[in-house]
Amino acid sequence: MFLINLEKSTVVNSIGVSILIEIIEKLQEVDGKLAYCNLASIVEKTFNIMGLTKYSTIYKDEEAGISDLAS
Amino acid sequence: MTPDSQYKDKIDFYLSSLDELGEVLINQEGSTGITKAVLRIILGTMMASKGAVIGVKRTRCNILSSHGVKTETSNFKIDTSQKESLLKFKNSNLNKTQFKRIFNSNGSDTLSNFFKILDPSIVVPLFHKENLLGIVALSKKFTGEVYKTVDRNVLEIICNHLTDSLYNQELITSIKDKRMELRLKVLELQTLFDISLSLNSVLDIDELSSEVLIRSVSTLNASSGFILKTQKNSPILSVLSSFNADEEKLKDAMFSKSSVPFKSIWKEKESIKISNHKDNPLLIKSGYKECLVSPIIGKRNILGCIVLGDKESREGIIPFEKNDIDILEALSSQAGIAMDNAKLFEDINAAKRFNESIMGSIATTVITINLLGEIDSINKAGKTLFGDKAKGIIGEHYSYFFAKDKNLCSAIDSAEHELETLSELNTSLLTKSRSTKVNFSVAPLKDEKSSHIGLVVAIEDITEQSKIKNTFKRYVSKSVVDQLLDDDQKLNLGGEEREVTVLFSDIRGFTAMSEKMKPKEVVSTLNSYFSEMIDIIFKYDGTLDKIVGDELMVVFGAPISREDDAARAVKTAIGMVESLKKFNKKRIDKGKVPVNAGIGINKGKVISGNIGSKDQMDYTVIGDTVNLGARLCSFAGPLKIIISKSVQGEIGGDFKTRKLEAIKVKGKRKPVEIFKVLT
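Line by line, the protein sequences are chains A and B.
Numbers 1 to 71, taken from this note's numbering, label the letters of the first sequence in order.
Numbers 72 to 750, taken from this note's numbering, label the letters of the second sequence in order.
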């Protein structure tokens, strides 16, 4: 699983989303998963609308993501 | 092996290949998986050592699967003319001579070059209708045999299935793309919706504009943007907010609404796209290759504009589309409404502050009560009146706050039910203290549509004034009346003759002085002046007979005579002068005009009694003595005391006096002797 900390991203556009979708597809081929943490509310909303959250996980912060990864 | 059985084996071999193909097509998922598997079947069936399945999209070719061939890149170019030539071989295949004629172009990134490396013996174009979806290329058989017709036929069957599969894949991809597009549309709508929501919640212009800008930049995939705002009395547009933009460049740039391109935007009130204009000042100043400018249109005028620059894509900067301009316009019109709202909110706040400052400057306590009976507001005067008690007043029910003042509570209750204004004068306000005297009035509060929205209670603290009034009452009428009531004989309307001392005082130049002051100031000056003077009059048991304008009339010896009436009158006068000096010093220190009164005292016979009409009856004294007293007062200079001979004779040597020149008085033949009391 890859965990991306998006703490410093205030906003995301469709290009960013398309790149993330590509990463998710590539990871799916090797049974990998993508996860994010520290999403701004606009970013989280965008991810939901663009259907990213179906194929990836959102964590509140890095700690939560890593502890889930370890278990 | 007979030719027959050899032929049968061949058929079995082909059939098993086709059977395998069917399974692959049913079970495999994803285009790479299918093409890999199909290529394996093709190579096995045809007994070829090398081969490739190439996908075609417009003029781009992409190796979907290959075997036995290695290239630096998997992407190649194919010309439109090459595609057209291939169309002749739809549902067929090309031999070496045929495809070499078509694929003869040069360049390492061309499909021709790839074919040089692969060196195929047979090439099958995969057409769906007129659309070239891919190409299958096979090298020679490793057995060295040539491709026979049956090989070509079987290959065609397999390739037809592959075409169908590629077409399906393309459909799935396009559905995926469409779904992505749909989601982007939803995102655009959501953005518009979000912004309209923030219109209702965010009222700070800076916050709003940066929200609108960030949403615009992200929705349109612009690389950056900024918002310019019009300024009062200046054509220069100031940068209200910016996102990802080159701050330094913006800082140095000067944008004027009367220059290109803003002048025409301001005039046409329409969004524009600026591109391919190397000389455009906005492109130069912003450093953009291309930009969109959309005016932010308010109710009355253009408030500013949003500038977005350089649309990004996975392949680099691309031109903005018509749809982008439409979205930006929708966003900027939202921004216009938002900025109008924010301005309105600011104006309302200013008006509210104005109202509050008016309310604050009123000396009367003003309390508003809502329909639930809760206290909604209290002004500054009210907070001063109630002191610490006022701290918890907001939101409290009036019946709790004014629990001690039953009359006020019942007035509020009736005002609410009758929707009438009720007032009460000179009543105690126990909520504050036992000694607090107030006038209050309760009035229904109405909104602009005249519907009842609560009550307003005005409380005027008259504790100070009532002290004076009460003393007036006590000394001028009430005490006199009381004394008279004790002795019925004195209650005769005709009156009686008695010897009294009268003291008059009035302010020199009062009319001129009051013309220079505001009415409110005149009243407050007189009130404080009288209150000082009356204190002294009471000290020496004078009876305040009347106050007319700035004039005081005090009687000593009525209704009850005392031996030292004249002496007390003079003491009172001296006390008044001394007190006035102090009073004036304070006034001068505050930059106010001094109050200069002159005093006259006379002693003699008067008629005393209740004089007046049935309705307005006052106990007073009349006669020559009184008139002369008033005349003496008018002779007295500022802060001077003039007494008549009768007074001077009475006080003897107790006070220093100086005889002045006798004066002529109307109605008297002889000049009247007068004396000045030396203070």
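Simulated from the structure, these hints should not be mistaken for lab results.
Note that this is a predicted model, so its numbers are computed, not measured.
There may be inaccurate statements among the hints.
Said to hold, decoys possible - Selected chain B positions facing chain A (Cβ under 10 Å, derived; list incomplete):
#	residue
1	N184
2	L255
3	S289
Where a beta carbon is used, it is the ideal one built from N, C-alpha and C, also for glycine.
Against the structure, the hints come out as follows:
no.: 1; hint: N184; verdict: 28 Å, violated
no.: 2; hint: L255; verdict: 5 Å, holds
no.: 3; hint: S289; verdict: 4 Å, holds
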